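Engineer: Chains A and B, in that order, are what the protein sequence lines are. For our numbering, add 1007 to where a residue sits in the first sequence, where the first one is 1. For our numbering, add 75 to where a residue sits in the second sequence, where the first one is 1.
Hint data in this document are derived by calculation from the structure and do not stem from the laboratory. Please read all numbers here as calculations on a predicted model, not as lab measurements. Treat the hints with care, as some may be off.
[Unchecked claim] When the alpha-carbon atoms are kept at most 25 Å apart in a straight line, the in silico PhoX-like pairs for lysine-lysine are as follows:
no., chain 1, residue 1, chain 2, residue 2
1, A, K1130, B, K254
2, B, K254, A, K1136
3, B, K350, B, K273
4, A, K1130, B, K273
5, A, K1134, A, K1156
6, B, K273, A, K1156
7, B, K105, A, K1156
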Amino acid sequence: MTIQASTVNRAADSPKIHGVNVVFDGLSKTYETREGGEVLALGRTDLTISPGEFVAIVGPSGCGKSTLLSLTAGLAGVTAGRITIDGEEVRRPHPTMGVVFQTDLLLYWRTITDNIMLPVEIKGWDKRKYLPRVTQLLEQVGLAGFGGKYPNELSGGMRQRVAICRALVQEPRLLLMDEPFGALDALTREQMIADLQDMWMSLRNTVLFITHSIEEAVFLADRVLVMSPRPGKIDLDLKIDIARPRSWKSLGDQKFINYMGEIRAIFESRGILSKASA
Amino acid sequence: MVFGPLPSQRSLYLSAQEADVPVRKTSRLKKAQMQAIVHNLAAPVLSLTILLIWQFGVGAFGLSEFVLPTPWQIIHRIAVDPQLLLANAGVTLAEVLAGFSLAAVSGVATALAIFYSTLFERAVYPILVALQTIPKIALAPLLVLYLGYGFAPKCFLALLLAYFPVVMSTVVGLQALDKAMVNLARSMGAAEWQIFLKIRLPAALPNLFSGLKVAISLAVIGAVIGEYVAASAGLGYMQLQASSQFDTTLSFAAMVLIALIGVVLFLAIEAVERKVVFKREAAK
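Please put together the full structure from these sequences, using the hints given.
Structural biologist: Following this line, the structure appears as structure tokens:
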């Protein structure tokens, strides 16, 4: 496979690549249960995410973090309050947004390249223009030459990397990730977390990253939001002041340990983690 | 045909082996090739054996041609008098094709309505399932009463039998889709028609085609039953005529052609399927 260094002409397709500004204003979400009752999935949330910020949301299952993500993605309607992206209220999925879900959700009848091209196709853009971009992305994630393969010829980690490429193909200004590495083995996960940091450092888009791993959150984010369940609410808003690029070696540094300890302490005080496990 | 996918799977398996154990490549290759040949020959050899037993068993037991003609006598009969058989086969084929096409179109349309409209699903689905319990072949005499002796009742009976499997398999195929997949497309800003064309339809195609393959066999049965009840042409009609004249060989010849229609149409659908459906297993 020939290596093409050129990317899609940014000036022509999208203006300067940088993140969007996301504001949650008095946001809350209730779901109706089958019995006709109501469940408050997300309590009143006020939050401002700056352009180009990498925000990780960490919390146990059922704390409303996935709800927060699908509301931001415009896939579900808010019950009260509003979300604005660059000042515009979210009513439908934002046009320059990429989403990575827990599972890769690749279409098995499409080649890797055609899977990555799906958003380009749906938006009706010129696929030929994006081919160099796809090649470049595959190279970045260590899958150069895999474009013609089918998903079931790839391992789970490779498939999730393809899913990330698919979210990045249009150089989204907003990247939403819902526990993207949850289903991967530990070694693959470490590699992909480091890769994600690299990609974000070159793209500088706004990232909302949902995880249940404290380590993942502290490693990746500029800011970690700790959520607690029933009703889901943000308990702690923690700035992570560690120089980039961060490496797994620096995980033993005192700063890292202190941040992780602070987050654990919140979970302990909420009874989500027992003192013994910490 | 049933053994179709085997050789390719074998060769894929083999290439993995080659990469790991280059030294033993040739002996493994030969062994796998031999195995592939044996697997491919199994069905033809068994069929031929059964035909030979039939051919020589009839003579050995001294059975009359009126009771059980030999395969050779049947083939001979088809070869000697092809015009009559082919003309009637043409009639049956037209009935099957018309009934099947109508069933495919109306079946997929019904499935889409069931999938997209909850009201339609609530109203129509239980009725469809209830109707399915009626033995539709029992309707054949009534259809003659309502639709006459011609083309219409046979075509309708073929449609009736073929319709339900198309509806069921398409609905199941559409409903089986992971909801997250739809959310993914929506997050890209896809409209419902785009989600349908790019995700729902391709994901449902394997189910749709398995429904069509069941439907084609049932359409043949429907048309022939229709001819048994009242007809002036067609292979079923011919069989009836032949039996009433104790021409057992002709009856068998007609049966062979009925089976042939079924097999050829089945293979035709399978050929289309191979063109449009990407088998999940194919690349494994």
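Engineer: Hint by hint, which ones does this structure get wrong, listed from lowest number up?
Structural biologist: Checked against the structure, the hints that fail are numbers 2, 7, while the rest are satisfied.
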